[in-house]
Amino acid sequence: MRGFSLGSKVAIIGLDSVPPELMFQKLLPKLPNIKRMYDRGIHGTLETCHPPITVPAWMVMLTGKNPGKLGIYGFRHRRGFAYKDGYIVNSTTVKEKTFWELLSAKGKNSIVLGIPPGYPPKSIPNCNIVSCFITPGMEKQFTYPAELKEEVLKVANGKYIFDVTFRTEDREAIKKELFEMTEKRFDVAEYLAKNKPWDFFIMHEIGFDRLHHAFWKFFDPSHPKYVAGNPYEHLDEEYYVMVDERIGKLEKIFGDNCISFILSDHGSKGMHGAFCVNQWLEEQGYLKFKTKPTKMTDIDKAEIDWSKTKAWGWGGYYARIFFNVRGREPEGIIDPTNLQKEKTDLTDRIMAITDDKGQKLHNMVLVPDELYGTAIGDKPDLMVYFGDLNWRSAGTVGHSSNYLFENDTGPDDSVHSMNGIFLMYDPKKNLAGREIRGAQIEDIAPTLMNMYGYGAEVNGMDGRKLSEVFA
Amino acid sequence: MKDSKYTTISIPRPLHDRIEKMILKKEGFKSVSDYATYVLREVVAMHESKDVPDPFTSEDLEQIKERLKALGYL
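From first to last, the protein sequence lines are chains P and F. FYI, in my numbering the residues of the first sequence are 1 to 471. FYI, in my numbering the residues of the second sequence are 1001 to 1074.
Calculated from the structure, these hints are not laboratory results. Just so we're clear, the structure is a prediction, and the values are computed from it rather than from any experiment. Don't be surprised by glycine CBs; every beta carbon is placed ideally from N, CA and C. One or more hints might be untrue.
Unchecked claim - Here are the computed lysine-lysine pairs in the DSSO-like style, where the Cα-Cα straight-line distance is at most 30 angstroms:
#1 P:108 with F:1021
#2 F:1025 with P:97
#3 P:108 with F:1065
#4 F:1026 with P:95
#5 F:1065 with P:149
#6 F:1065 with P:310
#7 P:252 with F:1026
#8 P:159 with F:1025
#9 F:1005 with P:194
#10 P:106 with F:1065
#11 F:1026 with P:149
#12 F:1065 with P:159
#13 F:1065 with P:194
#14 P:184 with P:140
#15 F:1030 with P:9
#16 F:1005 with F:1021
#17 P:465 with F:1026
#18 P:252 with P:176
#19 P:95 with F:1021
#20 P:149 with P:108
#21 F:1005 with P:175
#22 F:1021 with P:176
#23 F:1065 with P:175
#24 F:1065 with P:292
#25 P:301 with P:290
#26 P:95 with F:1005
#27 P:343 with P:357
#28 F:1005 with P:9
#29 P:9 with F:1026
#30 P:30 with F:1065
#31 P:122 with F:1021
#32 P:292 with F:1025
#33 F:1025 with P:84
#34 F:1030 with P:149
#35 F:1065 with P:217
To be verified - In silico contact screen, one side only, chain P against chain F (beta carbon under 10 angstroms); selected entries:
#36 83
#37 87
#38 88
#39 92
#40 107
I would like the entire structure built from these sequences, with the hints used as guidance.
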């Protein structure tokens, strides 16, 4: 294994939703620590999975298995083919082994801080685990081993913050909580890196994603709603600089005998709007209401006439479309032998959807079984990206137009993009800022397996070893 | 001097030997103490836990759904 110092530790600093355009272009000159790692390391974009969402993306990265193999297509799933019964993904939904579980079986120690979905924390020998932002609250058992909770709370002065509160238009409150949360995460990261045994360290910071969703229009001059001179015009810089300082401190604790990665699970870009998928399906004759809602209503709460409904959809950064199939759904009406034709017909209609000005939207329709090879679990029939992901999907109904210019569910100015970041840094080697091309999120787990000398055991992983890391 | 981090417990020798033999085959555990700590943590957590097997209570679920909706995931 050329170029890789045997006996090195590996640390991953996972920054949710960081796009290369911000970290490697716009803000890089302001980030001395990341710039040093960039100049002496290897960098590139890390192409994410479909769908480009935090859950499943981190698990794709750290199991090396695609969402179809994991059976995870977002945070929420239907339970079987029920119309309304569903579940939220948690750590136990993930049946494939994460990288630290594979290392644990070799007797190697790991620190795992906040990787989603990480609640409830799994009992894995040789690991110190703190759960993720989905944790319902501090009163829960959010660490493994259980005794670690007390230590985390002590480091966080009694208040560890899993996530920021996002139900408010009060940007000042979000900003304050965002900085406090991230500082505390890095306090805990430093404590763990200093005090617990580890061969592998991984942490996740959700704050970037929250910064982007709540403040993108304030700091991106190309956003349609940007206003010059607003009080949050430089908040991206302020936040990234704070994290850069914390990464610098953490790097010192990692020491020279540690190879570091800074990775993100997807990128971010400005939101153009939200497309009301269910209203559109109704217009197209696919969805019928018993009583048509006249004010904003969740699709789960709307009175749907299932005996006349062929398809309905879910909102989020992408749309999930479900067909109402006879013998599959409780009141299905589509003949199963016609399902393929229905998929094709609806796909044609989706591809013809235009934006509010009649311009082509550049939509994408994906079929899970075709996309992943195998697609287990509670998958949608179709996965739809509107306007190259610049338009989110609004699942709610009762709007006066199919085009919304505010998110229907809360303050939001950004959507997800397919490219995250890849940065690798070995303090012992000058890799001269080389660029890696074509790295994909599922390549990380097999690459790590090779770094630790377990390359023969990556069978079944979808990714490939990134040979540039070893060159 | 009392070590504040660890203490010693006694278990029957044959049990110790069985565990030792077993963990030789089962990768991951570095010692009998390591194994005993893991198993005891599991058993103690089981006794301490009053939660239903589902990791989220119905209250948790409603709160998480609202949170995920506000965050734009749903």
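Quiz item: Which hint numbers does the structure go against, in order from smallest to largest?
Solution: 3, 7, 8, 10, 13, 21, 22, 26, 30, 32, 33 and 36
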